[in-house]
Structures are given as C-alpha cells and as structure tokens.
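What follows is each chain in one-letter form.
There are 2 protein chains.
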Amino acid sequence: MSYLIGVDIGGTKTSVSLGNFRGKVLIRRVFPSEGVKATLSQIKRIIRAYLARYDRDLKRTKGIGVSCPGPLDFKKGLLITSPNMPTWRNVPLKRIFSRSFTLPVAVDNDANCAALAEKTFGAGKGVNSLFYYTVSTGIGGGLIINGEIFHGASNDAGEIGHSVVLPEGPKCNCGKRGCLEALASGTAIARIARERARRNSLILKLAGKRKDINAGIVAQAALKGDKLARAIYEQAAFYLGLSITNVIQIINPEMIVIGGGVAKAGPILFRPLVKTVRAYTWPRPYRSCKIVPAKLKDAVGDLGAISLLLKRFHLGAV
Amino acid sequence: MSYLIGVDIGGTKTSVSLGNFRGKVLIRRVFPSEGVKATLSQIKRIIRAYLARYDRDLKRTKGIGVSCPGPLDFKKGLLITSPNMPTWRNVPLKRIFSRSFTLPVAVDNDANCAALAEKTFGAGKGVNSLFYYTVSTGIGGGLIINGEIFHGASNDAGEIGHSVVLPEGPKCNCGKRGCLEALASGTAIARIARERARRNSLILKLAGKRKDINAGIVAQAALKGDKLARAIYEQAAFYLGLSITNVIQIINPEMIVIGGGVAKAGPILFRPLVKTVRAYTWPRPYRSCKIVPAKLKDAVGDLGAISLLLKRFHLGAV
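In the order they appear, the protein sequences are chains H and R. Residue numbering for the first sequence follows our numbering, starting at 1 and increasing by one per position. Residue numbering for the second sequence follows our numbering, starting at 1 and increasing by one per position.
Be aware that a few hints might be false.
Distance condition first, Cα-Cα at most 30 Å in a straight line; then the derived DSS-like pairs of lysine-lysine [unchecked claim]:
| no. | chain 1 | residue 1 | chain 2 | residue 2 |
| --- | --- | --- | --- | --- |
| 1 | R | 44 | R | 75 |
| 2 | R | 290 | H | 171 |
| 3 | H | 76 | R | 125 |
These aren't lab readings, by the way, just hints derived from the structure by calculation.
If we strip away everything but chain H, and leave its shape as in the complex, we get (with noise of 0.2 Å):
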C-alpha cells in the first residue's frame, strides 16, 4: 500500500494525516497553530514520526500535499499573505516541505482543496463540474471543471464571497458594499443577531451575553422555533440561493457542495436556501445541478491536500 501526506494548515490549528490513495485516513495528529516556525516545525516533526513508523526507507510514500489560506500562488507552492495569519507572509511551502522530505510537494488554498476533496472522495465523485461554498466565519468557495480546481487568471477564482448579491447592501470587511460573506456568513448571522435580538429573546438566553451571541446559539434557538432566529437563517438562506443562482446561471455546473460550520445548521438553512435557487433559476440548469452538503467533515482539508497530490502528479486513479 502507497501512502501520501495531507496537511491543513489553519488560523487556529493545524493537521498533518497519513492517508492513503482511496482517502482512508490511518493516521491524524491536530495542533494549534502557532507561528510561522512553530507550527512548520512541528508539521516536520509528525510526519518524520509517522515515516519512522510506516515507511522508514520512504518507499511508500508518494508525497506531502498541503491546504492553507490564500492567496497564494499554487504554482510555486508560495503562501503570499493571509487576512487571518497575519504572520505568514511569503512563507514558501512548497521549497521547505521539499527539500526537508524530498517528496513531491502540492500546494493550494483551503477552499480549492476542499472542492477537490469533495470532487474526489466526497459529495461530488464521478462528477465534472462543481463548485464549493464554504460558509463560515467568512464564505470562500472552489471552482472544478473538467475534474480539476479552476485557478483563474489570478488564483482567485472561486472568491464568491465576495461576489455582491445585494447592491449597497451592508458593509463587508474587505470594504465593499453587499457582498455575500456580508449577509450570509457566520459573521453576517451573528451580527444580525446581536442588533436584533430582544432582552427576553432566546438567542440571548443561549448566549449570556449578547457580545457571545455567534452563528452556531442563532442556529440552535432557531432549531427549538425561535422565530428570529429563523428569519435570521432565512435571510443568510435567501442570499445564499441567490449566489447559487448566478453560479448555476453562468457556470450550469453538475453540482452545489456547500461545506463549513454554518451548513451544519442543516435544514434550517438548506430548506429556505433550496426554495430561493429553485425560484429564481432557470428549470433546465436548476434540475441538472444537485445541491448537497458537503460529506467529508474534520480531515476535509488533509483530504484535499492528499487529493492535489492525487491530480497534479497523476497518482494513479482514485
């Protein structure tokens, strides 16, 4: 059995798995994520502890794919800037992981590895053309056509969170006005809760306090019928269909795989989301793309680095 090396590099913790061609994971280790050194050094630790254990003569293992916020350029493995690492600036991956393993190195960014993973081992196999959402505290997403990540001219292709779905719409963090991580993310959710939320209201019953309020209470008071929260839900829900709309729209891609903390709310998110896409999109590309959460769950960033290996060194099918 062949092996190859995922690493999820993250803002707040880092994983390093041993998985194999299928995308079985044997083995995964998590840890915060520190700086830049910290953190790289101890991903060097685990996977010199897990070649020691599997492959002590580096027969097996085909390679060390790695997932981390962008931009970057994936080509040159180069981690250019990061909103929420600050410190990681220039960081070049791809030269440190190869010359410390002397294995193929694949690079790319959380939401492309993602897509990928999904399009490999996930929601989306046998299929074409998917794009990704991932809604959390922020929305980014992922673009495969023809079976591959779709870079785009600038490696920011996907960027649909900040596509804009409501024109002078409230302000987003990157500065403009309306984009979609401004209404829909767990960030948007949150916010609007906390503007309007009574003093009686469940959402503030769940949260104490109402600076604790976050996407995940909102979600759980909606789930036992609280009205707001639900209309809250409804709202990111509509702005959501709406992105997916313009997507099915222009791309008519097989497949929707939405993906991050927010689509764990499940059908309280799904059911008004699906209701907006099937309102406002043409019937023929609407019934030709399904619309599914996303499947894989923890090690979906490992999977995706392991999944870049898999595509851009042909590494046998999957």
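Following the hints, put chain R in place on chain H, whose structure we already have.
Here is chain R on its own, set in the frame of chain H:
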C-alpha cells in the same frame, strides 16, 4: 488554401460565409430568415453556389459550422427550440447539413459561437479564459475556459442575462425578478426611457412617438448630452458592471468581451461600467481582467461557426 463554411441563423436574418482558417471571410451572403424549410433551402443553395465556384471537387472545403439561437444540443447538433424563432423546433441541423454535403458539421448556440469567434479571431486572441456578453434585445453570454467553450451540465452555461443582480427588481420576460436582462438589455433601456421621458425630452424628439423609443435612440440622446438618457445608460452600466464583478469574483477570467448592439453606445456605457467593476471587484482579479468591446462586427456569427470547426475537428492551428 483550405475553406470553411460558416452559417449564422438568426431571428431576423441568416448569413453564410466562405472563410479560411485564419478567419478571413472570402465571400458572404445575407438574407432575411423565413420558415425552417425556406431558410434551410436558401442556405444550401448558397453553399452549393460557393462550392461550384471555389471548390467544385470538394477537396479544399473542410466543414460547415452553424451558429443559431438556443437552447440546443450541441453534441447532436439539434436545435431544440428558440423563443425568437418559434417555428424552429427539434431541427436536426447537423444531420441535415451532413447529409446534403458529406462534410463535417459543428453546431452551437449564437452566444457560444460569438465567444469562441472573439477568442479565436477577435479581442481574445491568445487568451485562455474569457466571458463574452452580448447585450442587445436580450442579454446572453458565452464562457471560454482553457480555450474551449464551456457548456455546463445542460448546455446552459453562460446564461448571464438571467443571473440576478437586483433581488426584488423588475420583472423579467423569463418570469423571474431582478435578472440582468430586465435591467440592462436594449429592451430594458427602451422601456425605462418610455416610462420616464418627459414631453419635451430629447429622447422623445428623436423618436417621434413614445412607442418608437429604442436603446439606439436613447444612446443618441445621451451622446448629445441629454441627462435622462445618460442616467439611463449609467444605470444599465451599473448593473452590467455588478454582473461583471460577479463573473470576475467567481471565475477570475483573463478577459471580459462585450458585444451586441447596446455595446455600440461606446463610452456612455463603458465608462460607468468600468467604474462600477473597479469599485466592486477585488483589486487583483480586477487588474488581471481586461474589459474590452467586441472586435468582430457583423460576421461574428459566421466566424464563430468557422471557429467551432477549427476546435471540434482540430483543423490546424489558427
């Protein structure tokens, strides 16, 4: 020298060109479209006349390309139906022309053909990814990815006219609300002008009667400095600009090409349009994307049909 035949079947007129591999049109005939039978017979007569004159023994002519309104099944070469040509239903164009001429035949819809024509012979030469807008009575589009037409799951990729740019906006002919076509097409521009032009307005003077106001007249009035006409074009440009922003954020193409009758208005449309795109799009993908008017003129459909042949049958480099 080898020849390719390009046929462009439109709602009001049909054209047939004999061109070469470099997109030079050697001879072109245009006639008013009629019923299915009459139009097809006339196309065949013209092709026979070309062959009799230029290629009697069919040694140099390499194929027939056909551009026509959609929706269609481009693989089968079957025109399924068309809102603007209601008598054209399930017309097996590929079979009809293959049988008559024993030549390779390629068929695609008009917006896709125009997109590929601009990529092959026009504004997009050398570009790998572009999105083509045709802004006229309606708004259509074509998506070029990795140098090829991207058709999507149900041949509906590129239907940008029915992406939503203003939730709860004006009603569109397609039955939805807030579609780009309902806000920025020639029909929308004329409708808004008919609603808003005052008795002594320049628009009304140029048109004569209110019902005769069209987008071209509004453009004329705008060029002469009429404030209402300018405001109407600015508003249309704003929504077109938002749509372009979304295409750039989602696909990050190298180029946006804008064709169709409304694009002929020039700077009164392009200046506010580019201003909107710059304001709403992230700087890096914005800088990576050229926004340009279409370069090909009347024969864009014929050339699109010809460029289809070059792609589908790998008929040599252009």
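Do the hints match the structure? See the list:
no., hint, verdict
1, R:44 - R:75, "22 Å, holds"
2, R:290 - H:171, "27 Å, holds"
3, H:76 - R:125, "27 Å, holds"
Checked against the numbered hints given earlier, the structure satisfies every one of them.
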